[in-house]
Amino acid sequence: MEFLSYLINGISLGSIYAIIALGYTMVYGIAKMLNFAHGDVIMVGGYVVFYATNFARSSLLGDNPSALASGLSTLVCVILAMVVCGVLGVIIEALAYKPLRRAGSLAVLITAIGVSYFLQNAAQLLFGANPKNFTPVVSGQLTLFGGQLRISFVALLTIVACVVIMVALTLFTGRSKMGKAMRACSEDQGAAQLMGINVNSTISMTFAIGSALAAIAGVLMCSYSPVLQPTTGSMPGIKAFTAAVFGGIGSIPGAFLGGILLGIIEAIAQAYISTQLSNAILFAVLIVVLLVKPSGLLGKYVPEKV
Amino acid sequence: MKQYFKTMKTATKVDYATYAGVVLAFVIVMLCQSMGLLSRSITGMLVPICCYICMSLSLNLTVGVLGELSLGHAGFMSVGAFTGIITSMCLSASVSSELVRIVLSLVVGTIFAAVVGLVVGIPVLRLRGDYLAIVTLAFGEIIKDIINCLLVGWDERGLHIALNFDGTKSIDSLGLSENGIEIIKGAQGASGNDRIATFVVGFVLVMITLIVVLNLVRSRTGRAVMAIRDNRIAAESVGINVTKYKLIAFVTSAALAGAAGALFGLNYSSVSAAQFDFNTSILVLVYVVLGGLGNMWGSIIATVVLYVLPEALRQFSDYRMLVYAIVLILVMLATHNPILRSFFTRLFRREKEDGSAVRAVKGGGSHE
Amino acid sequence: MKKTRILSLAMTGALCLSLLAGCGGGNGGTSETPASGTPAAENTSSAAAGEASGTFTIGMIGPLTGGAAIYGTAVANAAQIAVEEINALGGPVQLELITQDDTNDAETAVNAYNNLMDQGMQILLGTVTTQPALAVVPYTYDERVFTLTPSGSGDDVIEGNDNVYQVCFTDSNQGTRSAQYIDENFENPQIAIIYKNDDQYSQGIRDNFVAEAENRGMSIVYEGTFTEASQTDFNNQLTAAQSAGADMIFLPIYYTPASVILTQANAMGYEPTFFGVDGMDGILTVDGFDTSLAEGVYLLTPFSADAEDEATQAFVTEYQSRFEDIPNQFAADAYDGIYIIYEAIQAAGVTSDMSNEEICDALIAAMGDLSVVGLTSAGSEMTWDDNGAVSKDPAAVIIENGVYVTP
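Residue numbers (this note's numbering), protein chains in the order written: chain A, 1 to 306; chain B, 1 to 368; chain C, 1 to 407.
Quick caveat, the hints were computed from the structure, so don't treat them as lab data.
Cβ atoms here follow ideal geometry from the backbone N, Cα and C, with glycine treated the same way.
It cannot be assumed that every hint is accurate.
Claimed, not checked - Stretch by stretch, here's where chain B covers chain C in the computed footprint (C-beta under 8 angstroms, at least three residues):
(1) 114 to 121
(2) 133 to 146
(3) 200 to 211
One chain only, chain A, in its complex shape (with noise of 0.2 angstroms):
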């Protein structure tokens, strides 16, 4: 029973680094970059949806509003934070990696570090140090087995909205003809030029798309662990790279896998081995899957062309 909800956090808190890794690889598949800023956008999602919220219950919902209508503002407010992040995305990219497109990856890599700096300052000049207690989107929990086995309504949440993620960007890259446009340019962006397909507003819709998941993210993520301040976003950044690396950078399933099998690592490793060395831990077993399969767990192995 211990082994279940040790393994329900695991999958919850892969679930969140899922999400993020999605945002991560999209872009990476796209930009060819590692847009290091992905995870301080979180944290701006996180800002955004906690003042919204705030707004709303102390001057629009009464008292004591119905279930229904808080349920609806805290909906509004989500969408509101995805749209903040996805124009905030849209910014980023056009001020910031635009002008380095046709420079090095490692150029725009460094770009993207200081555009991480930016908004943790800004987010600190603007918010205060002080954490900000996010208070959860749903509450209470889910007792199974006579009480022995407990589940927030949070882990649940977080565990669907990563599978519906999931499974929505895989048909809409599938299907979709901006789906289409966004693989046509991660296979070849000249070649994609030629066929019509206009690049530039493909990357910046690869950038909305990724920032608005990662406000999605931010927002699960708070409520999963609800403190809210400027750094909130650095190390789940760092967590969903290696979980985006660990399925395969480019590969949506990959990344969904990844997340899933980091977060279920990391609980399992903390519960029986050692919280001291659950970290370790799951570099180690990240470093012993990539040298077995190089190009992560479902990545495409690319031959070399001479």
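With chain A held as given, fit chains B and C onto it using these hints.
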């Protein structure tokens, strides 16, 4: 003599200019210091700047010359720092000369970092691109976590080492005798160390690093490494042993980072493993990319400027790091945007003829 | 000495009254005597040689940016309030405060220290956190700069440095005291400890707690750790503690991760007794935190923003109006710290044109006899031993109905 300079290759000229520049900078700093022109802030930054110059030179060997992105370079620095501190503290009773202790600590730090570099390098270098980057990141984090569990003490019976994996041990578990020294206390790191590093040692270390790196790059080995960077398959086809040359570059880079770390460790009375995290690796990577991949004098200048910048921005108080971020983004845009770059090249047309300058501006191209 | 002490007690009592009137805090007739409830203090050696005068430059080093910025900004803000209050008294001793950021990093802290020395710092209030303090303190020791750390609680910070004093409890003091308290007040508790193993503060308290608990034969059933990088998720540690049968969780950590632990334990439906130390103070002020979760939490605290004495109320009101935040224990320590420095300057009779070394030695001599009542001493007097550790007994309180109550 004049004839000798004329027939010299451009690359060699640049190398000599780099040596001359470093020596000149050292002489100027020493002169200013002896005349009391340097403020406390600057004097205090001299040794860490030397350490970071060595770090960025050594990382440039991996990223610029070998062409592999490493995100765990601070891990080697950490190994060097802690082994250096252990050596220095163990010898504090028996060796009175500080210089001897520094040199021995640096040597030990270098050797241990090289060994770790070899252990890390053998599996890591089989991978490519971002997969390699993530594995170096992973190794950096693993090194950090292991040092976080490390308990080391010294008494007349010798060195006591314990690993605190289950979180229940503390420094008392080592059972040190009365006059024992507690050297590393797990995650709390090493504190109460002797601060024996000096700027002169830092300068010597920078010169040694520079000589090692430049000679390696200009040698047969260096050309083989660069051939692998530019086209691995072509290099392999002409009979270059890819694994061997990659390992040479990687281990040298790790060893030099270990030396830098040892000096760093000897400069502070309190050092913890958390200081050498992912962010430190990234910081050094920023120095390298901004200075230009494969460009050693660029690394040196970028390190000095970027290390001093946050300190120089102290007058902005709360806005300090925000301004730093903006400057970083703007500099990257200015140096790597094609339109701005061609504007600058037209402005300084002569630089274009200089081979290394062109490579400096090309930045990042090798990592794909 | 006794006579002058009583005399000066009365005099400072009067001074405090006028100070309070200046702050505009309406006297609601609290149970505290005016003298013991005020930040200004009795000065035991006012008869010391010379009259203190001049403008002293006090440097402050703390994390103003980065993950630990909350602590540094609290100290900087509160110190600024205290300095302005003292300057407004118009006495011969005036203070000038310069603050520098160390981003909670030992290396940057040394740079910050050098920068402050360039600006002519004479006395250091800092550093805020222990790790940077360990890097800076050897410099202040060598260069004879009098150092008072508001919240760098590590035992190593003051150990062997005659010029370094603390406002807060030492870690060993708190760890031992917590174990004693739990042993005396709970019947055979099954204790789990969750601590932050890359933090001097947390590790130090844990080590002393465990040592004392072993002496007393207490039962520790689980120990879980976390680090800076993993302080957002405790579900696994909590599940493990629960399945190990722990009915009490000892949390020698700061209140930010503690608030996560309380929230996540609640979401799991796990309800042990939580026992925190002084870092737990502030938990009720976390923006958006459901304070009902903190009901029944024990903590050792020197300061409570809800305390009803006038000094605290005046300070909290001033802090809130300026910074729109409720001050935490760090702020209170810093506020006291500035007053302690002020009192020590007056007691030592130093003037600002003296060299740092002269000031330092005179202040060290004065600290031995100094006793100060501040926001963080719960009405009693703070005194210092030769090592620099403060003597004020950590008092355990329990949170009931959103306020601290002595159990």
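Evaluation of the provided hints:
Only when three residues or more bring their CB closer than 8 angstroms to a CB of chain B does the claim for the region 114 to 121 of chain C stand; here the count is 4, and the claim holds. For the region 133 to 146 of chain C, the assignment as covered by chain B holds, since 4 residues bring a beta-carbon within under 8 angstroms of that chain's beta-carbons and 3 suffice. For the region 200 to 211 of chain C, the proposed coverage by chain B is satisfied: 6 residues have a C-beta within less than 8 angstroms of a C-beta in that chain, meeting the threshold of three.
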